[in-house]
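Participant: Listed in order, the protein sequences are those of chains F and Y.
Start counting the first sequence at 1; every next residue gets the next number (full-length UniProt numbering).
Start counting the second sequence at 1; every next residue gets the next number (full-length UniProt numbering).
These aren't lab readings, by the way, just hints derived from the structure by calculation.
Check the hints yourself; a few may be wrong.
Heads up, the list lumps identical chains together, so a pair's fine if it works in one copy or across two of them.
[Stated by the list, open to error] Straight-line alpha carbon distances no greater than 27 Å define the calculated DSS-like cross-link-like pairs of lysine-lysine that follow:
hint	residue 1	residue 2
1	K175	K136
2	K491	K673
3	K491	K313
4	K428	K19
5	K826	K621
6	K763	K193
7	K688	K826
8	K688	K354
There are 2 protein chains.
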Amino acid sequence: MSESKDTHVATDTAPQDQKFVYDFTEGNKDLKGLLGGKGANLAEMTNLGLPVPPGFTITSEACKVYLATGTEPAALRDEVGAHLDALERKMGKKLGQADDPLLVSVRSGAKFSMPGMMDTVLNIGLSDKSVAGLAKQSGDERFAWDSYRRLIQMFGKTVLGVDGDLFEEALDDAKRAKKAATDIDLDAADLKKLVKQFKKIVSRDAGRDFPQDPREQMDLAIRSVFESWNTDRAKLYRRQERIPGDLGTAVNICSMVFGNLGPDSGTGVAFTRDPASGHQGVYGDYLQNAQGEDVVAGIRNTVPLADLETIDKTSYDRLMRIMEVLETHYRDLCDIEFTIERGELWMLQTRVGKRTAGAAFRIATQLVDQGLIDEAEALQRVNGSQLAQLMFPRFDHGAKTELLGRGIAASPGAAVGKAVFDSYTAVKWSRSGERVILIRRETNPDDLDGMIAAEGILTSRGGKTSHAAVVARGMGKTCVCGAEELEVDTKRRRMTVGRTVVEEGDIVSVDGSTGKVYLGEVPVVPSPVVEYFEGRMHAGADDADELVEAVHRMMAYADRRRRLRVRANADNAEDALRARRFGAQGIGLCRTEHMFLGERRAMVEKLILADTDDEREQALKTLLPYQKKDFVELFEAMDGLPVTVRLLDPPLHEFLPDITELSVRVALAESRKDHNENDLRLLQAVHKLHEQNPMLGLRGVRLGLVIPGLFAMQVRAIAEAAAERKHAKGDPRAEIMIPLVGTVQELEIVRDEAEQVIAEVRKSTGIDLRLSLGTMIELPRAALTAGQIAEAAEFFSFGTNDLTQTVWGFSRDDVEASFFTAYLEKGIFGVSPFETIDMDGVGELVRGACEAGRRTRPDLKLGVCGEHGGDPESVHFFHKVGLDYVSCSPFRIPVARLEAGRAAAEPDGRGDTR
Amino acid sequence: MSESKDTHVATDTAPQDQKFVYDFTEGNKDLKGLLGGKGANLAEMTNLGLPVPPGFTITSEACKVYLATGTEPAALRDEVGAHLDALERKMGKKLGQADDPLLVSVRSGAKFSMPGMMDTVLNIGLSDKSVAGLAKQSGDERFAWDSYRRLIQMFGKTVLGVDGDLFEEALDDAKRAKKAATDIDLDAADLKKLVKQFKKIVSRDAGRDFPQDPREQMDLAIRSVFESWNTDRAKLYRRQERIPGDLGTAVNICSMVFGNLGPDSGTGVAFTRDPASGHQGVYGDYLQNAQGEDVVAGIRNTVPLADLETIDKTSYDRLMRIMEVLETHYRDLCDIEFTIERGELWMLQTRVGKRTAGAAFRIATQLVDQGLIDEAEALQRVNGSQLAQLMFPRFDHGAKTELLGRGIAASPGAAVGKAVFDSYTAVKWSRSGERVILIRRETNPDDLDGMIAAEGILTSRGGKTSHAAVVARGMGKTCVCGAEELEVDTKRRRMTVGRTVVEEGDIVSVDGSTGKVYLGEVPVVPSPVVEYFEGRMHAGADDADELVEAVHRMMAYADRRRRLRVRANADNAEDALRARRFGAQGIGLCRTEHMFLGERRAMVEKLILADTDDEREQALKTLLPYQKKDFVELFEAMDGLPVTVRLLDPPLHEFLPDITELSVRVALAESRKDHNENDLRLLQAVHKLHEQNPMLGLRGVRLGLVIPGLFAMQVRAIAEAAAERKHAKGDPRAEIMIPLVGTVQELEIVRDEAEQVIAEVRKSTGIDLRLSLGTMIELPRAALTAGQIAEAAEFFSFGTNDLTQTVWGFSRDDVEASFFTAYLEKGIFGVSPFETIDMDGVGELVRGACEAGRRTRPDLKLGVCGEHGGDPESVHFFHKVGLDYVSCSPFRIPVARLEAGRAAAEPDGRGDTR
């Protein structure tokens, strides 16, 4: 959670006595702020009695002083000296001692792991003198000179700022001269020569000699770690990850141990259980006679950790015991780095290990069963993003594939079907049982039927917030968008990729998790988790797998704890029923404009083109029964649960052809003297309704106030549908929602009209109706005047999509392509504010509106129906500001349920607002 | 000020003992909240010992009780009874007494005068019995029956809700039967018959008889006044004028006096000084033997008030003395209604009188000279709207004119010139000394040169916030827009209005104050006030007129008191110099995009079409010297004063052709096989840059972050220009302003880049430069995170135009035409939020951002550069929230100065923020 990064509390960062250096025996794992993650865990292991090479940690407080003043704190030099003395006593040798040098590593280690900072300088303490001592002590002259060579190279590059290529070139020259394939083939004499050259490079490029004084080496390395906090890359990373810029980094000084001193030495990594499955067992890799960097470089192949048992049974048994200790102690999967130096096992690092989504769920429940953690803690061990990952079907990784191209992974999943290039064909083919992939340059609301009918959507234009991407994510449907290599030709019903032509009917496979598009059918593995939510697989049943059991239990933990209710955004009975299966407790947003499309478009066109009151009333009368039927079905599907119906929102020209297309058509027709009265009339209407900025134009409540009878028709349809359901002994719970309200006066006028219509329906049907009426809060002004608006609204539903657009002043249709990428790269956004709610800006408005609204009307119902309702971090925020519910697309409901439970289970999750 | 309406304080509204009726002797002029304006002034005059017909006032508190509970307060009937008794004793006759009836009028009178409420019922107390008594007492039977007829008609219509047409039809029938031209020709017998008919109409239509009990008449009339508070028209008016809906109205019961009892009677209106010029003297009208309603009906001609001296010297002298008393007492021009009944003078009403703008200034200074008011109070007697009116030239009202059509009065003034239909011709002709009127269907930024060159602008499309209107108002240039009768044909260079064709070169006259458009030249009277501000006429000079003297003095009062500084929005040296003459203390907004138009468009096109870094850098390099030259001129014009330069703001496609126009052109050319490479390339660029909602797209700081080098070029131009001016011993004070910032990270990146460029210029020129850097606050998010943004900004300039658009979620280009009119009609807006700042919404953000910004940076400079900076009410708001300056178009500067002074001179104007 980046949230915890934002709200770092100074409990463990600034002790009163300003002690700047902690021996490994003095710290513990809860001092990450002060000692960094690496230092805190080294201290924790030391205190557990595990074999950690002795050492000490310089606190991030010292770094802060350095960054603020440009010099180390006055006391630091002496403190480091005292700890170094102690270390030397403990190790029985002095840093850089000529005959038997103590060598140390200097490593950065901040509270949050952070690429871009100086990582490590090994072998500090080597010099022209001590290199001989190391050779003697190790009995390996080549090893000693290679270690020295590495020190000068690493130190020169990272501490003295020498161009690293200079060292590489010298090394290459040496290998060429020796006709050596790798540097392993260089002997001690070669390396001695190389050391000489490296020292020259340092003197020339850094303007100073490589320091021979070991303490000076150490001090310069420490300072260099401090300074690396502020490299451009580190700053960029912090901006992107929202890590505060003033935390500073700790520095770890650790005595060196060597895994490359012969066959009785080696190095390895291990996990306390399988990070892929969560199963307990022996997982890891081992490399004999090697150092950690060799494992990373992949020069030789590692062996499975289990083989260590035969190589070095004592160390193996010892490691197994240590791993048990660590897992019990950390109460979680740990990953470990270790080195064996001549039969002696040393622990170099441990931390709570990363794992796959599936393993996260399994491990959490396993740990509950082992009694190591309780249910609330188990909830903190998983998250909604992981659950979402588990819900998508996947392509079989083993299958043979033919890659066509690659776009943006807009909505995950694996879809296979016949290529179709228009909605009509998509619907027709899918009705006859074909699976289809809808391929378009870009989609628009007209493609909705086709998108519903298709297995997946593929576009050659648009980004992660394009229409295709947003709608597909909303439907939980696989989508790859902006695959620019594809040339889509909708007229000829085909697309071209390089020399490959894909015709209508050819089979394609679309991977929404990777953005890859394949020709032909790639086999798909279905998600058992979705089978479970859909009710086709049951936890506890014989065929249920472990993962489903774990998910089932975690969902139960979450549902028991959460205070937020979870509703669905659904516009028809089918979606509503699915949402119900997924656990929806109502519908938070039914968009009535989706009921105006398809075959009803002609009626809507009549409404828009109406010249007289009569024509308009006639058009509305024609629409009424259709609307009513929609609502009857919806209320039946959600019987007994609240259904929030939003009155018509989008600008009317969305129901008409595009102005440029139509203008060109008409101009061309005219140039052929080919008059088309209907087109001309349409063009006139399109011109009249054309807006420079339709998002900021005539829509929402403004339509309702300007077009007489429009909202009244919709309210009548809702009221009559509710009456019909009541008559049929149903339990309809309709809530009427007015979009785009900016001022209470708008709402008052619409409310008065609605109440009159409802009274009429009550009278004409004889059925006692109670419909609640509320508003979207989706304009900054609505949020700012929420106290006034609450006087006329029984509920608020925050439309955080539009609110994000107006608060930031950008339209999602436009900005992603033009500058979102640049903004993410520059770290201006950590994450798109359309994905996770912008807490400082949009969130402040939401928080303020909640408070003001409840001051006016204490029982005001509060919810959110923007896409943020299904976003993990945002759900936590909504929990904290005290909403009653979140509403999201059906597919996101389990995620929202889980996250709502996690938010409530947090130690500070009791609904406080900051 | 509507503000005072909004913040009505209950000091004079709810006395503890709930006394519901006040005798005229008990009230005073400061009790307007309780007694209404009319009642308070009647009481004031009574207490001054002036001859007011005795009576009493029922408080608005009684009305509030009635409106809340549906019945009069329990005590009211008795209290009214007691006051009626006292009145009857005083008058020596009883209400409706058969032989000599006391008659009363019942009039509404709220705190704010309000059309739509029940106005007056006269002659209460007449009945079948008392009509004879009145006849006897007055010695005029016709008078008595006519009075009775009027009572039944008025009472029937307004109190009993009878359809007024029924009375009018009966009256017409009677006149037809008698062949009478007017009702004067009906005699007593006719009127008796009419009374009978009227009573029948009442019985039939109201379902009850006309009440014969005089007390019942009075009580019903009182209740009717109460109820008229909530008529639809009254509610609508209150919404529009932002008058709180819960004030209620008072009711005045006044004994009747009659001006129609013979030649020694009469009625009149008078002003204590000339409301048109402010001169002291005898101003008013008198009508012998008549009632007030006859004066209004205009049946007979009135005589000048001075003639009363010969008609009735005693009354005349008495009236003169009373007028002196009133003016001294009210310390202002009063208007008066009076009646003389058989030689006896009665005062029926007085109030502070309306006056022309010019008179307001003259009267204020005259009253200062007379020692009646001080300078601070004088400032409250005028306002910026009046000053603005005085600044526009006007057409000579006496001239003969030929009206062509009428549009929206978008920007006042009187302009005459030759019709031109494109900017090119406008500029060409104006250079050769012609005065031109630019006539377009609508304007866009390309027309700017033409608009500058033209005397006035006339469009056939667009409303008060269309491009033409906004830009013209900004320039202080006459504009009529949306004159829909005009068919503008730019291709043929002519327009048609009905059968009249106006060709290029024909002279037209455009009145921006009335929206009227004339054919031919209408003589224009210049504004001496502008001559004065321009320095072409001097206060104190021989030829200066009184008005200029008064304005000069009032401006001095304002300048002495104001705390807000006033800057100008100006984009070139010419505007800047004018602004300086008008009193600007700097430039608050220089829009650099205006420097990208005209002949430089080609360079900008190159910049946009640049495919490579080289091409882009070359394009920027070409633009640099032009930008620099602009700034040198500007800094020279504003030497010693701050100049805020805003970096490029608008979306790039504004510099390219319209997508639809270009698409049609290309399609037509293609259909003719007529390829145009340049058009095709342009079309590609236009498509790439096309945005659904350009206002919410790639513009402002986003451009600066996405197009490498763009902002750096602009900053370099500013810095080099400043260096050049410094080198020439000038005192340039440049401030660099970043537009459309939403988050502090954007600002930090731009600031770092700017600082680097400035350092380079400092180094290359050797001149010590100090440029301050700040940001527009024009997005809600900028305002919400102002505390963070202030860390990187030395100043904030609120862009309240854009802020209004995003806070409300509407684009000014789109919404006025589509729904602003409806919103104003429905009272959702009292005034467009683009004219006067929306204090509850936009204003709250401004207030919060000021506070948060100053918390971070106490010396943060705060200003506003939206159009609100020149709006009177908004200036008061900006004073209250503690801005340092407002910036507005040069022409509005005197208005802003005056209003800033007025705000500071208000009793509570010491800068408190609520």
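Participant: Next, verify each hint and record whether it holds.
Facilitator: Structure-based check of all given hints:
no.	hint	in the structure
1	K175 with K136	within (26 Å within a copy, 137 Å between copies)
2	K491 with K673	both (24 Å within a copy, 21 Å between copies)
3	K491 with K313	neither (71 Å within a copy, 96 Å between copies)
4	K428 with K19	neither (74 Å within a copy, 79 Å between copies)
5	K826 with K621	between (54 Å within a copy, 25 Å between copies)
6	K763 with K193	neither (102 Å within a copy, 46 Å between copies)
7	K688 with K826	between (41 Å within a copy, 23 Å between copies)
8	K688 with K354	neither (58 Å within a copy, 42 Å between copies)
In the structure shown, a violation is registered for the earlier hints numbered 3, 4, 6 and 8, in ascending order.
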